[in-house]
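Enquirer: Two independent chains are provided; combine them into the complex using the hints.
Chains as they are written, first to last, in the numbering used here: chain A, 1 to 339; chain B, 1 to 112.
The reader is advised that the hints may include incorrect statements.
Unchecked claim - Only pairs whose alpha carbons sit at most 25 angstroms apart, straight line, appear in this in silico DMTMM-like list of lysine to aspartate or glutamate: (1) K4(A) x E48(A); (2) K47(A) x E23(B); (3) K47(A) x D159(A); (4) K4(A) x D60(A); (5) K47(A) x D89(B); (6) K45(A) x E76(A); (7) K23(A) x E13(A); (8) K288(A) x D242(A); (9) K2(A) x D169(A); (10) K47(A) x D126(A); (11) K63(A) x E150(A); (12) K31(A) x E44(A); (13) K23(A) x D72(B); (14) K38(A) x D70(B); (15) K4(A) x E69(B); (16) K57(A) x E69(B); (17) K31(A) x D70(B); (18) K38(A) x E92(B); (19) K4(A) x D59(A); (20) K288(A) x E92(B); (21) K47(A) x D70(B); (22) K45(A) x D72(B); (23) K57(A) x D70(B); (24) K23(A) x D70(B); (25) K31(A) x E86(B); (26) K4(A) x E147(A); (27) K63(A) x E13(A); (28) K2(A) x D123(A); (29) K38(A) x E69(B); (30) K45(A) x E23(B); (31) K45(A) x E92(B); (32) K22(A) x D72(B); (33) K47(A) x D148(A); (34) K47(A) x D169(A); (35) K38(A) x D59(A); (36) K4(A) x D70(B); (37) K57(A) x D19(A); (38) K38(A) x E48(A).
Think of the hints as simulated: they come from the structure by calculation, not from any bench. These numbers were taken from a predicted model, which means no experiment stands behind them.
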Amino acid sequence: MKYKDYYAILGLERGATEDAIKKAYRRLARKYHPDVSKEPNAEEKFKEVAEAYQTLKDDDKRKAYDALGTHPAGQEFQPPPDWQQQWEPSGAWRAGGKSAGGQSTGGESSFSSGGFEGLDLSDLFDRLRGGGGRGGRGGARASMPGEDYEIAVPITVADAYGGTEIDLDLNMPEYDAQGQLRRVPHAFKARIPRGATDGQRLRVPGKGGKGFNGGRNGDLYLNITLRPHALYRANGHDLYLDLPLAPWEAVLGTSVEVPTPGGPVRLKVPAGTQAGQHLRLPRRGLPKPKGDPGDLYAVVLIVVPSVLDDAQRALYRQLEETSTFQPRAHFSEEGSYAS
Amino acid sequence: MRVELTEMLWFEEHVVSLSELAELTGLPAATLEELVSSGAIEPIDASAAEPRFGAVALSAARHARRLREDFDLDTQALPLVMGLLERIDALEQQLRSLRARSPGRPGRRSGP
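In isolation and in its complexed conformation, chain B is listed as follows (with noise of 0.2 angstroms):
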């Protein structure tokens, strides 16, 4: 078996067209492009004339093939699972913030 070293590539800083989106995602092209009108995947630049997307359409639209072929999504469901789960992953976050800013165990170290 052989062993080797791999460099990662930071996610972030992968830049691709819309074909290679659909090329890296199983997606056909013509979904992407109804996700892309319907605000579910953002381009990096919207008024480019070709439009390039970075690592959070990536996973964005990784997440819509997944979402679509397990749940038998179509196109309209789809971009609004999507919103409504962005929402929860927000407020996830927001709610990780709050929990690290505030103390943890308020007291544990009080002692003589």
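Next comes chain A alone, as it looks inside the complex (with noise of 0.2 angstroms):
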């Protein structure tokens, strides 16, 4: 298993006081809550820091936490030997990892050397918390209910179209037969349906841990969101897209090709179209589960060509000249100045 720093994680040296380490918690909380912070690793640094926090706070975790000595972050290590007899007393280690071995991934055992291989370290804290005689183990076994779980999945503007399959690989934290938790590899694949949106969630019920002695399972939460695209920006099940235009094309009127996520469509540019006006295509936008699909909006950009030979710029001086067009009247009218 590899070792974590609890200390550095929370930016602190070994030995520091229990309110020093509240207020470590609070101020990383504070910066690295997913629900507060908008920091790019916002949601990794926080697990870190909390798992750091559940064990040091506890003064039994702590003691245990500081038994497994100190080694470099991220090194493969072993608790020491008499570190099972001390802090799980009962000696569930080997028994627990056996049995979970052979029931609940089905073969493959992986806990074939002494109950720690794919344990992560945070697991050893999770099990003081039922163990040590108080719940969990022992006597009558509470029911736990299985732990939640939400990821965030990225999907792109073809697959929120089409409706896509995603290939879910998860360590879930889970209860074996003893009532220890343990990380069980999960893969499935998920069905996205199409529809799906940025935002959008899905609940996959019963997919989360597995709950233990009659607890229910935990649920299985997605987070869909939509990659960005080089041509649609979505805003709900809404698309827009930029359009631009030739000023001729805009003051003559046209009839364009434009993409849409179902294929191009001939759009009609009516004569006089402005800048910034959005031409709507109705139903092409994303597809909702239920219902008419989104709208596709062409925003309207009047771009003008840089580059012009002697016959081109004639027309336009042309045009300038014979054009009674105003387009700043309305500065002329009163009010605009202060005095």
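Expert: So this is what it looks like as structure tokens:
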């Protein structure tokens, strides 16, 4: 199992006071909690911080952690031989490990050599919570609900348009037959229905961690995010597409082919189309799980050629001379100036 | 390792009772009742005798549970924080919507 330096994660020295641990946690939670943070790796960072805090704030767990010794962060290590006896008097490690290997993962036991492989460091301390004679183990076993599991699922516009299947490889904390938490790999395919879009959530009931002793199974929550697309910007199920037009196309009107997720579509641009105007293509946006699909809007941009030959320049001059169009007529209206 | 194909359930379609909400989120029913009376969690139909909660409430309640655990918030602070976060969400949604509507890269495609 890989060693994690819980003190370093919290930015503390070993031997930090309880108060310092709490303060460090609060400061880092404020910075990295995914609900309040805009840091890029907030979720990951917060998980580390929370895990470190869960262990160090509890006196027993902290002592057990300190008894593991000091190792470089990320290094493979084994707890010292007497560690189990001292912190897990019942020796449930080995027993728990073996039967879980046989039962819940269906062969391929990864706990052959002592019960620690395949465990995450945090699992050691999760076990202490239920262990030590307080509930969870021993006499009557309380039922425990499985853990909920929440993951972000980025999908493309094409996925949202047509639906997709994603492969999920999750290492979920689960209770084994002994009521011990351990990580169990779960691989499954999930079908994302068409019409999923940014910010939507899907719940997969019972697909989180398994409950223990009659406790309900946890749920799996998928938070859908839409990857940015080179052409389309999504707003709910509506899509927005920039439509650059030449000045004469906007003035005279035209018909242009525009891309939509379902294939190219002819769009009539009426004469006198202004920059910034939205031309709506009904039902050409993203499908919804129920009801009409969203719309696609072409957002008009008027773009001008940067290179002109003499003949073209002469035509523009001619237009300049003959036109009476006053684009800034409203500037001279009353009230434009303070005095 | 078994590989199975799982159908997704639209989160939006899920409707639960208060006790189911408590079970799903791990929040005590009493705390949920306080969150409902403070308006931080809203039932689908506030006038119903037996309140039912939809996806928005489930999401809010899970959120409340996280905030309470991770920040040690009390029952007074919890609805306040949730209200502020909700406003930030709404503003961000508005910002995304405005960004989607306004031209992205003006002049990018201009050429001869």
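Enquirer: Would you pick out the hints that fail for this structure and give their numbers low to high?
Expert: As far as the earlier hints go, 3, 11, 30, 35 are violated by this structure, in ascending order.
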